[in-house]
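Visitor: What follows is the residue order along each chain.
2 protein chains.
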Amino acid sequence: MSDLPKSVKIKEVGPREGFQFEKGAISVEDKISLVDALSETGVTSIEFTSFVSPKWVPQMADADQMVAGITRAPGVDYEAIWLNEAGLERAAKHRNTLALRPMFSVAGSDTFMRKNTNRSVDERLDELPGWAERYQKLGMDWLDVGVMAAFGCNYEGDVSPKQVVTTLQKVEQKANACGSRLGGIGLADTMGWANPLQIKRLVGAVRERWPGTPIKLHLHDTRALAIANVVAALEIGVDCFDSAVAGIGGCPFAAHKGAAGNVTTEDVVFLCQEMGVETGIDLDAMIAAGQLAEKVVGHPLPGKLKSGGNLAAYRERARA
Amino acid sequence: MSDLPKSVKIKEVGPREGFQFEKGAISVEDKISLVDALSETGVTSIEFTSFVSPKWVPQMADADQMVAGITRAPGVDYEAIWLNEAGLERAAKHRNTLALRPMFSVAGSDTFMRKNTNRSVDERLDELPGWAERYQKLGMDWLDVGVMAAFGCNYEGDVSPKQVVTTLQKVEQKANACGSRLGGIGLADTMGWANPLQIKRLVGAVRERWPGTPIKLHLHDTRALAIANVVAALEIGVDCFDSAVAGIGGCPFAAHKGAAGNVTTEDVVFLCQEMGVETGIDLDAMIAAGQLAEKVVGHPLPGKLKSGGNLAAYRERARA
Chain A
1 MSDLPKSVKI
11 KEVGPREGFQ
21 FEKGAISVED
31 KISLVDALSE
41 TGVTSIEFTS
51 FVSPKWVPQM
61 ADADQMVAGI
71 TRAPGVDYEA
81 IWLNEAGLER
91 AAKHRNTLAL
101 RPMFSVAGSD
111 TFMRKNTNRS
121 VDERLDELPG
131 WAERYQKLGM
141 DWLDVGVMAA
151 FGCNYEGDVS
161 PKQVVTTLQK
171 VEQKANACGS
181 RLGGIGLADT
191 MGWANPLQIK
201 RLVGAVRERW
211 PGTPIKLHLH
221 DTRALAIANV
231 VAALEIGVDC
241 FDSAVAGIGG
251 CPFAAHKGAA
261 GNVTTEDVVF
271 LCQEMGVETG
281 IDLDAMIAAG
291 QLAEKVVGHP
301 LPGKLKSGGN
311 LAAYRERARA
Chain B
1 MSDLPKSVKI
11 KEVGPREGFQ
21 FEKGAISVED
31 KISLVDALSE
41 TGVTSIEFTS
51 FVSPKWVPQM
61 ADADQMVAGI
71 TRAPGVDYEA
81 IWLNEAGLER
91 AAKHRNTLAL
101 RPMFSVAGSD
111 TFMRKNTNRS
121 VDERLDELPG
131 WAERYQKLGM
141 DWLDVGVMAA
151 FGCNYEGDVS
161 PKQVVTTLQK
171 VEQKANACGS
181 RLGGIGLADT
191 MGWANPLQIK
201 RLVGAVRERW
211 PGTPIKLHLH
221 DTRALAIANV
231 VAALEIGVDC
241 FDSAVAGIGG
251 CPFAAHKGAA
261 GNVTTEDVVF
271 LCQEMGVETG
281 IDLDAMIAAG
291 QLAEKVVGHP
301 LPGKLKSGGN
311 LAAYRERARA
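Chains as they are written, first to last, in the numbering used here: chain A, 1 to 320; chain B, 1 to 320.
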């Protein structure tokens, strides 16, 4: 395990993924209280809302209020997402306080792309020049590319590393053709298909093609392997992960197949602490944020550390 | 990951660990229905009850009824545990239908041993000759030694591989002195202290001292790392694990610190399926048993596959 990174960067995506998923209405004050608690943990990036149509996603109608209401901590990037031009325009109005990223997402499978966005992967690629131009106007001449369903898809089954690399090559060609470049690559296990062997295979294949490009993993815990997949990635030096406080973002106890949230932030921070990998995050503060998340949504959330507790306290007591 | 075993042996400990932990009374019929469902999954070993004092563990007062009531499947070992001579005597009455194992347990930490059994580790070792003799009378001239808290202890903190090896050496010396030998070694992460690096370190240290001796891991998921610890163990060829259907055996949503159950059986079976390691277990049948376990205890249990679902069905649909 000699390739463990010295430190990792964790992006907290719980507020954005979780609040969107929750059925019941959560007050904007409660949402802000969770983002504010996260701001005090040492995490350096929080994706906390979406600029999407309130008609389709009423839970996110308060995006502008959220931007206005949160208390910004120094050194933290506050991020949001958007799915269309109107969303980007709304987000760009907050560019002094939001960390805008030139996001462009595709999918490992055509069917998932269609179900999710009503377009084929090729149709999505046709939209790339428009996005590149919009981002260039905002001063960003690269694209951070996210590949959804990069490991497998409930509609098309397993997705091979070759498929993902081919799609990313197309993205890069299109981007280059309009004066942009490939920035970071995000690989998302959207539906919980990945296992540790596959993590190493896909990351290996992407790295072979783009040796210097930063890779970020976004791992849903639908089938229990998310934390083991994080370990597999750490073992080959991956140092950038999305995660969700308390594992918010899915309700594993409802009948939603495949609806579990991202790997739990405090569980990943604990894993890193125990394996000697720096996160810059105060585990106790993140556990407290996890407990708050559970209070805010009003039902049990899957993260373990919020009930298991940090070993640091036990070690201290044992020494005393 | 070239040392992955071709196949693993999983011992289902959910009924024994889970029913003991549950606060509410569960009818003997319901308990039997779960054991019977497990019998049909292909698992070859089920630890389903304890012969302990009904005064101290009223949930296990029905041990004899359980033995009489379950439907035995061919090829399955039905196991139980005991903590004292009276318990072994009760179990031994069923020796035609129970798979008796010459268990002897110690702890990695003295304080945990005292809290758990009211004896120091040395006092426990003084009892070894009596146990060796009892097992010899039953035709077993070896001891299967379980080390509780082998990775860490809420009272004494981290437990080093050296401590565990030293304790096991004492066990072996005592056993040899009275004509028994060291059988298998079980390493239990009783309080959820282990991480993947530590799994490799402790298993490595034990193997270096006892190269041919089978090692079994018993991993509680108190702090989210149990499944990652299974992967770490598989990577170095460990091929024997305890696990609990649905993750029964603890309630991570109650305020019980350190009370989470064993790693979830169906999640481990899924992991093995995806990594190409044989378990002999029908994953769909084990998922159904997990769903039944949840019904029997009447509250959510932590296993993921029972809501996430087997990928095999998605793969089949995708091919159709």
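The hints are simulated quantities; they were obtained by calculation from the structure and are not laboratory data.
Everything numeric in this text was worked out from a predicted model, so none of it was measured.
Glycine included, every Cβ here is placed at the ideal spot set by N, Cα and C.
A portion of the hints provided could be inaccurate.
[Unchecked claim] So the derived label-pair ranges between C-beta atoms look like this:
1) A:Q65 with B:N118: 56 to 66 Å
2) B:P211 with A:A73: 48 to 58 Å
3) B:K137 with A:S7: 53 to 63 Å
[Stated by the list, open to error] With a Cα cut of at most 20 Å, we get these calculated DMTMM-like pairs of lysine to aspartate or glutamate:
4) B:K115 with B:E133
5) A:K115 with A:E127
6) B:K162 with A:D64
7) A:K9 with A:D284
8) B:K6 with B:E278
9) A:K162 with B:D284
10) A:K216 with A:E127
11) B:K200 with A:E127
12) A:K174 with A:D239
13) B:K200 with B:D141
14) B:K200 with A:D141
15) A:K162 with A:E208
16) A:K200 with B:D3
17) A:K174 with A:D110
18) B:K9 with B:E316
19) A:K200 with B:D158
20) A:K137 with A:E156
21) B:K162 with B:D110
Visitor: None of the hints should be skipped; say for each whether it holds.
Guide: Results of checking the hints against the structure:
no.	hint	in the structure
1	A:Q65 with B:N118: 56 to 66 Å	holds (59 Å)
2	B:P211 with A:A73: 48 to 58 Å	holds (53 Å)
3	B:K137 with A:S7: 53 to 63 Å	holds (58 Å)
4	B:K115 with B:E133	violated (26 Å)
5	A:K115 with A:E127	holds (17 Å)
6	B:K162 with A:D64	violated (57 Å)
7	A:K9 with A:D284	holds (18 Å)
8	B:K6 with B:E278	holds (6 Å)
9	A:K162 with B:D284	violated (30 Å)
10	A:K216 with A:E127	violated (23 Å)
11	B:K200 with A:E127	violated (48 Å)
12	A:K174 with A:D239	violated (27 Å)
13	B:K200 with B:D141	violated (30 Å)
14	B:K200 with A:D141	violated (45 Å)
15	A:K162 with A:E208	holds (12 Å)
16	A:K200 with B:D3	holds (16 Å)
17	A:K174 with A:D110	holds (18 Å)
18	B:K9 with B:E316	violated (27 Å)
19	A:K200 with B:D158	violated (31 Å)
20	A:K137 with A:E156	violated (37 Å)
21	B:K162 with B:D110	holds (14 Å)
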